[in-house]
Amino acid sequence: MTETNDYFSGSVFREDYVINKEYNEENEDFYPGNMSLENLKKNLFPSIVQETSEISSKSPFIRRFNILSNNPESVKFFILYFEINNVANYLCKPITQQQHYYMLCTKEYWKAKAILLSNEIFKPITDSNPFQEIIEKRLPSAAVKNLKLEIAANKALYYLLESGESEIISWAKKEDIPYNFKSFQDLFIHILRSQFLRDEQESIFNSKPLWSSQKESKEHYRKWLKYIKNDSDIEESSKQYYDTLMKMEWEGYPLLVLRSSKLHEENEKIKELWKCYVKTHIALIENIKSQIYWENGIPYKNKTTSNRQPMKAIVNEAGCIQWTYDKSKE
Numbered sequence: 001m002t003e004t005n006d007y008f009s010g011s012v013f014r015e016d017y018v019i020n021k022e023y024n025e026e027n028e029d030f031y032p033g034n035m036s037l038e039n040l041k042k043n044l045f046p047s048i049v050q051e052t053s054e055i056s057s058k059s060p061f062i063r064r065f066n067i068l069s070n071n072p073e074s075v076k077f078f079i080l081y082f083e084i085n086n087v088a089n090y091l092c093k094p095i096t097q098q099q100h101y102y103m104l105c106t107k108e109y110w111k112a113k114a115i116l117l118s119n120e121i122f123k124p125i126t127d128s129n130p131f132q133e134i135i136e137k138r139l140p141s142a143a144v145k146n147l148k149l150e151i152a153a154n155k156a157l158y159y160l161l162e163s164g165e166s167e168i169i170s171w172a173k174k175e176d177i178p179y180n181f182k183s184f185q186d187l188f189i190h191i192l193r194s195q196f197l198r199d200e201q202e203s204i205f206n207s208k209p210l211w212s213s214q215k216e217s218k219e220h221y222r223k224w225l226k227y228i229k230n231d232s233d234i235e236e237s238s239k240q241y242y243d244t245l246m247k248m249e250w251e252g253y254p255l256l257v258l259r260s261s262k263l264h265e266e267n268e269k270i271k272e273l274w275k276c277y278v279k280t281h282i283a284l285i286e287n288i289k290s291q292i293y294w295e296n297g298i299p300y301k302n303k304t305t306s307n308r309q310p311m312k313a314i315v316n317e318a319g320c321i322q323w324t325y326d327k328s329k330e
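Residue numbers (the numbering used here): 1 to 330.
Check before you lean on any hint, since a few could be wrong.
Said to hold, decoys possible - Derived lysine-lysine pairs resembling DSS-like cross-links, with alpha carbons at most 27 Å apart:
hint	residue 1	residue 2
1	Lys262	Lys289
2	Lys279	Lys229
3	Lys223	Lys289
4	Lys269	Lys174
5	Lys137	Lys239
6	Lys182	Lys76
7	Lys269	Lys279
8	Lys301	Lys182
9	Lys269	Lys229
10	Lys262	Lys93
11	Lys279	Lys289
12	Lys173	Lys145
13	Lys301	Lys123
14	Lys262	Lys229
15	Lys223	Lys182
16	Lys208	Lys269
17	Lys208	Lys247
18	Lys226	Lys269
19	Lys239	Lys262
20	Lys123	Lys271
21	Lys289	Lys271
22	Lys145	Lys218
23	Lys215	Lys229
24	Lys155	Lys271
Said to hold, decoys possible - Now the in silico label distances, taken between C-beta atoms and shown as ranges:
hint	residue 1	residue 2	range
25	Asn296	Ser217	17 to 27 Å
26	Lys148	Lys229	19 to 29 Å
27	Lys218	Glu266	28 to 38 Å
By construction, these hints were calculated from the structure, which means they are not laboratory data. Given the structure is predicted, the values throughout are model-derived calculations rather than measurements. The C-beta atom is built at its ideal place from N, Cα and C for all residues, glycine as well.
Let the hints inform the model, and build the full structure from the sequences given.
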């Protein structure tokens with residue numbers, strides 16, 4: 001498939017997969033809202049153990065890969081895969097065709113993230129090279145680059161929450177804040193879900209968006225990075241960021257706990273994991289370049305640093321959704 005510079009993150013989606021299906025909550029390919037963790041454990045868990053190949057055939061990403069059913073890590077892999085895949089579950093129906101196409105693309109992007117991130121953690125797919133080739137064929141190069149950065153950052157968060165779980169629970173108890181998660185993995189999924197609803201759903205359906213330039217976005221993100229790195233020159237903004245994290249509740253509480261300098265002095269492992277978390281989030285600043293902005297159901301993207309242009313989706317000859325600048329609106 002030929003790529004052009006007009007592609008952006010998550011822009012390719014195979015037409016023969018769900019493109020011709022009507023949007024509805026019963027369409028599990030597009031809206032897997034009934035696939036809760038409890039339903040997964042109840043309905044799929046036995047099958048995962050007994051007939052992994054049958055379950056694998058239901059996913060276009062997992063198909064054709066040898067995942068051993070007698071490997072306990074394979075069970076954990078599938079549970080995490082389905083949980084991450086369900087993060088990209090929109091609560092609103094698309095109003096415009098452009099929103100519909102974009103939501104389809106986002107689902108494809110998250111399916112790739114779900115399988116890659118789950119395999120990074122549990123590694124049931126021993127030879128991932130053929131799998132990487134499939135991902136690179138299904139997503140454009142810009143999306144693959146963004147995906148790798150996000151997976152590294154998400155993986156760092158996963159391990160950080162795993163090692164800091166007891167510290168987080170102790171802090172919540174002292175603050176009299178209910179900890180309603182069965183495990184750190186549930187908290188991890190909650191954080192991904194909160195980020196998705198804020199960054200994806202709210203931006204698409206916000207009728208009065210507050211846009212900022214790439215320069216402003218990067219400057220804000222750099223200040224945020226200084227705060228989580230405990231830089232002394234961000235002292236004047238510390239209260240502001242602290243209040244922001246508190247308002248974010250369980251998306252923000254873990255960061256308040258695990259960024260503690262005192263904790264880092266007492267726990268070398270968490271200190272090193274925090275450094276990894278910071279490092280991977282520094283790299284995420286590159287993803288701002290491919291950020292999509294929405295207004296009245298129309299997507300916009302920066303053609304240059306300060307020139308934001310409307311986009312439109314077309315289905316190309318290969319049967320894929322391709323995004324390009326809409327010259328008719330210039």
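Consistency of the hints with the structure:
no. : hint                          : verdict
1   : Lys262 <-> Lys289             : violated (36 Å)
2   : Lys279 <-> Lys229             : holds (10 Å)
3   : Lys223 <-> Lys289             : holds (18 Å)
4   : Lys269 <-> Lys174             : holds (23 Å)
5   : Lys137 <-> Lys239             : violated (46 Å)
6   : Lys182 <-> Lys76              : holds (15 Å)
7   : Lys269 <-> Lys279             : holds (15 Å)
8   : Lys301 <-> Lys182             : violated (40 Å)
9   : Lys269 <-> Lys229             : holds (16 Å)
10  : Lys262 <-> Lys93              : violated (46 Å)
11  : Lys279 <-> Lys289             : holds (19 Å)
12  : Lys173 <-> Lys145             : violated (40 Å)
13  : Lys301 <-> Lys123             : violated (36 Å)
14  : Lys262 <-> Lys229             : holds (13 Å)
15  : Lys223 <-> Lys182             : violated (33 Å)
16  : Lys208 <-> Lys269             : violated (44 Å)
17  : Lys208 <-> Lys247             : holds (22 Å)
18  : Lys226 <-> Lys269             : holds (21 Å)
19  : Lys239 <-> Lys262             : holds (18 Å)
20  : Lys123 <-> Lys271             : holds (25 Å)
21  : Lys289 <-> Lys271             : violated (30 Å)
22  : Lys145 <-> Lys218             : holds (18 Å)
23  : Lys215 <-> Lys229             : holds (21 Å)
24  : Lys155 <-> Lys271             : holds (16 Å)
25  : Asn296 <-> Ser217: 17 to 27 Å : holds (21 Å)
26  : Lys148 <-> Lys229: 19 to 29 Å : holds (22 Å)
27  : Lys218 <-> Glu266: 28 to 38 Å : holds (34 Å)
In this structure, the hints that do not hold are numbers 1, 5, 8, 10, 12, 13, 15, 16, 21, in rising order.
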